[in-house]
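2 protein chains.
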Amino acid sequence: MQIILLSGGSGKRLWPLSNDIWSKQFIKLFKDKDGNYESMVHRVYHQILSANPDAKVTIATSHTQVSAIRNQLGDAVSICVEPCRRDTFPAIALAAAYLHDEKGVDKNECVVVCPVDPYVDGSYYEAVNKLEALVHQGTANLTLVGIEPTVPSKKYGYIIPESRESVSPVKEFKEKPDREKAEQYISQGALWNAGVFAFRLGYMLDKAHSMLDFSDYRDLYSQYDTLTKISFDYAVVEKETRIQVLRYAGEWRDVGSWNMMSEVMADKSKGNVTLDETCENVNAVNELDIPILIMGCKDMVVAASTDGILVSDKERSGQMKPYVEAISTDVHFAEKSYGTYTVIDAQPGSLTIKNVLRAGHKMSYHWHEHKDEVWTIVSGRGKTIVDGMEQIVRPGDVVTIAAGCKHMIIAETNLSLIEVQIGKELSLRDKNVCDTGALAKEGL
Amino acid sequence: MQIILLSGGSGKRLWPLSNDIWSKQFIKLFKDKDGNYESMVHRVYHQILSANPDAKVTIATSHTQVSAIRNQLGDAVSICVEPCRRDTFPAIALAAAYLHDEKGVDKNECVVVCPVDPYVDGSYYEAVNKLEALVHQGTANLTLVGIEPTVPSKKYGYIIPESRESVSPVKEFKEKPDREKAEQYISQGALWNAGVFAFRLGYMLDKAHSMLDFSDYRDLYSQYDTLTKISFDYAVVEKETRIQVLRYAGEWRDVGSWNMMSEVMADKSKGNVTLDETCENVNAVNELDIPILIMGCKDMVVAASTDGILVSDKERSGQMKPYVEAISTDVHFAEKSYGTYTVIDAQPGSLTIKNVLRAGHKMSYHWHEHKDEVWTIVSGRGKTIVDGMEQIVRPGDVVTIAAGCKHMIIAETNLSLIEVQIGKELSLRDKNVCDTGALAKEGL
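So the sequences go chain by chain: R and V.
Residues 1 to 444 (the working numbering) are what the first sequence spells out, left to right.
Residues 1 to 444 (the working numbering) are what the second sequence spells out, left to right.
Quick caveat, the hints were computed from the structure, so don't treat them as lab data.
Be aware that a few hints might be false.
[What the hints assert, rightly or not] Under the rule of at most 20 Å between Cα atoms (straight-line distance), these lysine to aspartate or glutamate pairs were calculated in the EDC-like manner:
(1) V:Lys155 - V:Glu172
(2) R:Lys12 - V:Asp276
(3) V:Lys298 - R:Glu280
(4) R:Lys155 - R:Asp178
(5) V:Lys174 - V:Glu238
(6) V:Lys107 - V:Asp216
(7) V:Lys321 - R:Glu287
(8) R:Lys103 - R:Glu280
(9) R:Lys298 - V:Glu315
(10) V:Lys424 - R:Asp397
(11) V:Lys298 - R:Glu277
(12) R:Lys181 - R:Glu148
(13) V:Lys298 - R:Glu315
(14) R:Lys321 - V:Asp216
(15) V:Lys298 - R:Asp299
(16) R:Lys155 - R:Asp233
(17) V:Lys298 - V:Asp267
(18) V:Lys336 - V:Asp20
(19) R:Lys298 - V:Glu251
(20) R:Lys321 - V:Glu277
(21) R:Lys298 - V:Glu277
(22) R:Lys336 - R:Glu277
(23) V:Lys298 - R:Asp276
(24) V:Lys406 - V:Asp435
(25) V:Lys321 - R:Asp276
(26) R:Lys298 - V:Asp299
(27) R:Lys298 - V:Asp397
(28) R:Lys424 - V:Asp397
(29) R:Lys33 - R:Asp121
It should be emphasised that the depicted structure is a prediction, and the values quoted were computed from it without experimental measurement.
Please build the complete structure, drawing on both the sequences and the hints.
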């Protein structure tokens, strides 16, 4: 069985811990069985493999998430990179082509598409496993998972099944309703649409080829930015007549707001946080080095990162989007292929950054057009290359890199360096990665 | 008239904006008549001079506050530096000796001792001005200001006067009472003890010489660390029989907690703060560069600095002391003679600091035993001296300073530099200031 995990867009709903390039699925607020903090993507990946060790997981995502996924899940997981964001139908079409054309997956194999963000228990992926047999029975082209509603929620789409059987043909779909309608749907046995779809790979390839003009995966990839944004629900699901749904009644929570995240996060607080004994129902996450003291608060969430600080009533936190959008969106933290990048000071004309590299990892060989850099190694051992010159570096060593100089660092041990950027324009976009042959040309 | 302003101890009651070396009287949350933010010490100093342009002000304080006072009030104000903290009797004795022995003030002159921290309006210092005439009348050795109580507070000492006249002999003093006793005192016409004492300079010198064994100011200064800690109230006021009190009924507030500060601060929020429209009675101060978003909160104070973040119910904020004491007390911000010093990153073995120098100011010529430093100039122009070698510096220039090297920087314009310290022990105490002749010896 093939699983396509949709690792979706940039989210601001868990600001300041999520931002344009650091989506909520990477925030480590859960715990694995050994008590170590883990993220949603880590949790889901291991839940899938624990329910079915033979499942083959491919993560469909944008290139901005690749480093975070590799850092959290390692090199074994398969990643299908979307060149840009084009909603779920093009994403699933691309992933299907990737599985067939790049991975050689047979058209008869069962593929299950799952979103990466619900908080569920193990029984959910046991339900997902049942989809394979249902797909191979051939009674439907598409098999969905429907969640037994716990409240008449206005936040989800509803699936109306023909019957209340465990597996039932779908009668119709309903958009996010008001409360009254939701109650009415539920009285008819309606289920929440969890965004889980199972099908034969061949079914999806046929759909893709019938709706998009492409020859194979590489062709689709190369024209991806010209595709129209359209959801899988709209393009495929709502038009399909041979469609059925599997009921699921176990734990399933959407952690799309701090209010919901606070219900499932492993610890009431994480990081350097002091809650006085008069606090009630307060959750706090502190990714900064400085302490947070919270006193006499009730029903609140406090979250701090290098991007900003949120102090909010839990209920109210769901309304945060327009406020966050109005706040400056400078990204102060990013997961890189080599480790992490944190802006620790920003002034007109300069930016100071803490770079932490993991042992054995390296930056790409690159250069900037408009900025000079000064690196001071503060811990660890490594090697820098600047315009072809190699230098062993240790704490206290300084490397100055003028605009136009090609440069990189290779961490021998875990290594930390303070980088000061100087220039009139300090854009993240001013980065030119050298061709793969550049080092060889320099005899390295 | 001489005024001794007691600029008291390190305060944690307005943490994280006040710390061991940055007392609450330096936090700029008030506004002057031109709408510029000003601190309590700035406000009080100008209120005194506005009520009496001929008043001579001497600030009695510890050496840790001298830079902040000079930066905020300029070089004209007189400062009597206590070598260490020994409570108010030794501090006032030292200031009295300073006025007489160093400044040549006549023993018959009126001296008024005022704490620096009450928030008052102009009429308060008009009352203070009246003390001079009362002192010269000679009907008492000590004249106090008593504040008409507005509530039966448990936080202040009470003065019981003989009569309800505007000026009355003092009958007795009462320690901080419980609420019931406070009500009883107030029904007898009692006043809050504001810590304001007026006397002839000669009176105080006699008291000092009778209780402490010293010849003159310099002698007292040199043995200051051997003096017993004792308050002026206990050592002098409560033993004096010829003592009177002047009633004051205008505005007088102790801003010793965030709850009280929030009542008098000029703006509801300061710094990069967004309050959503559902917030009620929330005050926020953000000294960090990152944004704070506050949603759905009520009756709260939020304060953030490089030392930490406070999120507290206003009432509850008065109970913060034990919690703050339990939190790590690393100081991340300091006002220096040259400008400001802010720790922006701390790791084992390294410390990264943003130094901001004002035009025309300089660091002292100094060296460190155990740490190397790397300076990167990020804005402005100046000159560094390292082991006698001068160098003109501009943005992008790097200066490396090995342990043991003498070094300094002189800012020609406003100048900002990022300093990376490397070493196994990174103590603020590892700083050795060179003799005044050191530069001359190097021919500079």
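Status of each hint after checking the structure:
no.: 1; hint: V:Lys155 - V:Glu172; verdict: holds, 18 Å
no.: 2; hint: R:Lys12 - V:Asp276; verdict: holds, 16 Å
no.: 3; hint: V:Lys298 - R:Glu280; verdict: holds, 15 Å
no.: 4; hint: R:Lys155 - R:Asp178; verdict: holds, 9 Å
no.: 5; hint: V:Lys174 - V:Glu238; verdict: holds, 10 Å
no.: 6; hint: V:Lys107 - V:Asp216; verdict: holds, 14 Å
no.: 7; hint: V:Lys321 - R:Glu287; verdict: violated, 24 Å
no.: 8; hint: R:Lys103 - R:Glu280; verdict: violated, 52 Å
no.: 9; hint: R:Lys298 - V:Glu315; verdict: holds, 14 Å
no.: 10; hint: V:Lys424 - R:Asp397; verdict: holds, 15 Å
no.: 11; hint: V:Lys298 - R:Glu277; verdict: holds, 19 Å
no.: 12; hint: R:Lys181 - R:Glu148; verdict: holds, 16 Å
no.: 13; hint: V:Lys298 - R:Glu315; verdict: holds, 14 Å
no.: 14; hint: R:Lys321 - V:Asp216; verdict: violated, 67 Å
no.: 15; hint: V:Lys298 - R:Asp299; verdict: holds, 11 Å
no.: 16; hint: R:Lys155 - R:Asp233; verdict: holds, 16 Å
no.: 17; hint: V:Lys298 - V:Asp267; verdict: holds, 17 Å
no.: 18; hint: V:Lys336 - V:Asp20; verdict: holds, 14 Å
no.: 19; hint: R:Lys298 - V:Glu251; verdict: violated, 34 Å
no.: 20; hint: R:Lys321 - V:Glu277; verdict: holds, 14 Å
no.: 21; hint: R:Lys298 - V:Glu277; verdict: holds, 19 Å
no.: 22; hint: R:Lys336 - R:Glu277; verdict: violated, 39 Å
no.: 23; hint: V:Lys298 - R:Asp276; verdict: holds, 18 Å
no.: 24; hint: V:Lys406 - V:Asp435; verdict: holds, 11 Å
no.: 25; hint: V:Lys321 - R:Asp276; verdict: holds, 12 Å
no.: 26; hint: R:Lys298 - V:Asp299; verdict: holds, 11 Å
no.: 27; hint: R:Lys298 - V:Asp397; verdict: violated, 50 Å
no.: 28; hint: R:Lys424 - V:Asp397; verdict: holds, 15 Å
no.: 29; hint: R:Lys33 - R:Asp121; verdict: holds, 13 Å
In summary, the numbered hints that this structure violates are 7, 8, 14, 19, 22, 27.
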